[in-house]
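Engineer: Spelled out from the first residue to the last, the chains are:
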Amino acid sequence: MKRAVFIAAVLILFGIVCRFFPLFHVVALKRAETEKNAGVFNAAKFADDFWSEKLLKSFDHAVDAKELLAAIQANPADAQKKYARSLSLGGGYFYYLRGEGRVLATNDSSLSLAINTGGTNTEVALQTGMIFGNAVRDGTGLLNASDYPNLQDFNSISAELNKLVEARVLPELRAHARIGSTISFIGCAEVDDESTDLNPLQVVPIQAQIE
Amino acid sequence: MNANAKEWLKRLQPLIALVVMVVALSLLSDRFLTLVNGRNILLQISVNLCVSIGMTLVILTGGIDLSVGAILAFAGAFAADLLKNGIALPSMNVAIQFTPLGAIVAGILAGLVLGSINGIAITQFRLPPFVATLGMLSIARGLTLLWTGGFPVTELGPSFGFIGTGFWLGVPMAVWISAALVGIFYIVSQHTTLGRYIYAVGGSEKAAAFSGINVNWVKLRVYALAGVLAGVGGLIVTARLDAADPKAGLGYELDSIAAVVIGGTSLNGGRGSIFGTVLGCLIIGVLNNGLFLLNVSPFWQQVVKGFVILVAVAVDRMGTRKE
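Here the protein sequences come in this chain order: Z and R. Counting along the first sequence from 1, when you hit position 102 you're at 422 in the working numbering, and nothing is skipped either side. Counting along the second sequence from 1, when you hit position 145 you're at 154 in the working numbering, and nothing is skipped either side.
Keep in mind the hints are simulated off the structure, nothing from the lab. Please note: incorrect hints may appear among the correct ones.
[What the hints assert, rightly or not] Examples of chain Z residues toward chain R, derived with CB under 10 Å:
id : residue
1  : Leu331
2  : Gly335
3  : Cys338
4  : Leu343
5  : Phe344
6  : His345
7  : Val346
8  : Leu349
9  : Arg351
10 : Glu353
11 : Glu420
12 : Arg422
13 : Thr426
14 : Ser429
15 : Tyr468
Using N, Cα and C, we set each Cβ at its ideal position, and we do this for glycine too.
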């Protein structure tokens, strides 16, 4: 009897607390989704806007591939100082380049392009497989990590931009690039260290045209 | 020295060890004996204290619970996700949005459920506690990863964060919570029927059963309470970080077992106290803090901690053998 009274008292007390401090609210699903999305960073929309409003208008900033490759061949460290961007988040750095080359070979993940760098050809790999890394986000210098208090948001931009490359640029290359065809491209390259700069340079295309 | 004095000396061993450590560290570092550092130590041990209270009850019955760290992680992640995302019920076109209090209750209930499953596995399926709770360790870790998708659940808000980062009367809320739990479970262990049964079961399960105690009933409650207390620890960790990390609580089971053993609770069960566990947590906390202040490498800190545990168990064994 004493025990039952105790349990009942606890339950009544809990009920009173819950009356003034409810444990949950039941709301319409649509309202809940609206509230959940309010203030949440939408990386997909951001990447889409960034692509059309900033990235496509920044091609003038890309360095000529011939100039860049020649500079890297001459002195990778000087080329890095002059042309590369670094976010200081890791040891790697990025190049933003434009150029034209002839397709030497194709495989599932890349096209091998020969770029004439004045007398000799230098090979560049244009990526056509799954896109990983932060080349597109960080290569242009248009986005700064310090503008994003949440690093997860900043990382999600990279993932969304890579998805856009896969959806908007790569299908055309995969379908129509053949050995011997000429491709003009604008893209970004992520380099881990100087020794692998031209090994070959791995370029993620932002725009590519087969001629 | 008469037997009574010897018994008292034995009980006071952890306290003497703590006092010696405090005095030694005060002499070695002028930053040790300050109010701010004292508050830091209390804050740092608060989670281990919550978990260790449950572990004390389990060990007093002669059992062991290896799943407390994993339950801690699941309870934190469960509460955080409910608070952040709620539960959508598309078939009814509604969603349940949890308040911070609701999330806290849900986290504690998650601990209760997982702890009870431990108890059921041990009492109904006769699994050794080591095996049952080892299985639960893996289950709870897996559930945590499934529930969170392997990613931390972040930005839980200041209301929820208050239990981990808030202050009341200049003392961190986490310390108040752990102190309240110490008070409650001191009373439970020393002044209630359940407490007496726990000691009886740990002293001799057969004798307890013969004297009419429902041993399974006691064990089930003890493991359920250990789950609840791990859940509270998980809520504090999550609130302190403002994020539920699926990998939270790794190794906490060992820290709590260490605190319980250093505090004088016998691994054979039937002997020990909540007060001893508080001292055990303080000893570990003071040791970690002191070694850190003395710039001792974290690798050496692990070695020293292990050594202290060995000494504590050895002293306990020697005492038991003499008896």
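Engineer: Look at each hint and say if it fits the structure.
Structural biologist: Tested hints:
1. Leu331: 13 Å, violated
2. Gly335: Gly335 (chain Z) check fails; min Cβ-Cβ to chain R is 13 Å, beyond 10 Å.
3. Cys338: At 8 Å from the nearest chain R Cβ, Cys338 (chain Z) passes the 10 Å test, so the hint holds.
4. Leu343: Given a least distance of 3 Å, the restraint on Leu343 (chain Z) holds.
5. Phe344: 4 Å, holds
6. His345: 5 Å, holds
7. Val346: With a minimum Cβ separation of about 5 Å from chain R (threshold 10 Å), the hint on Val346 (chain Z) holds.
8. Leu349: 5 Å, holds
9. Arg351: 8 Å, holds
10. Glu353: 8 Å, holds
11. Glu420: 42 Å, violated
12. Arg422: 44 Å, violated
13. Thr426: Violated: closest Cβ of chain R sits about 36 Å from Thr426 (chain Z), beyond 10 Å.
14. Ser429: Given a least distance of 26 Å, the restraint on Ser429 (chain Z) is violated.
15. Tyr468: Violated, about 14 Å.
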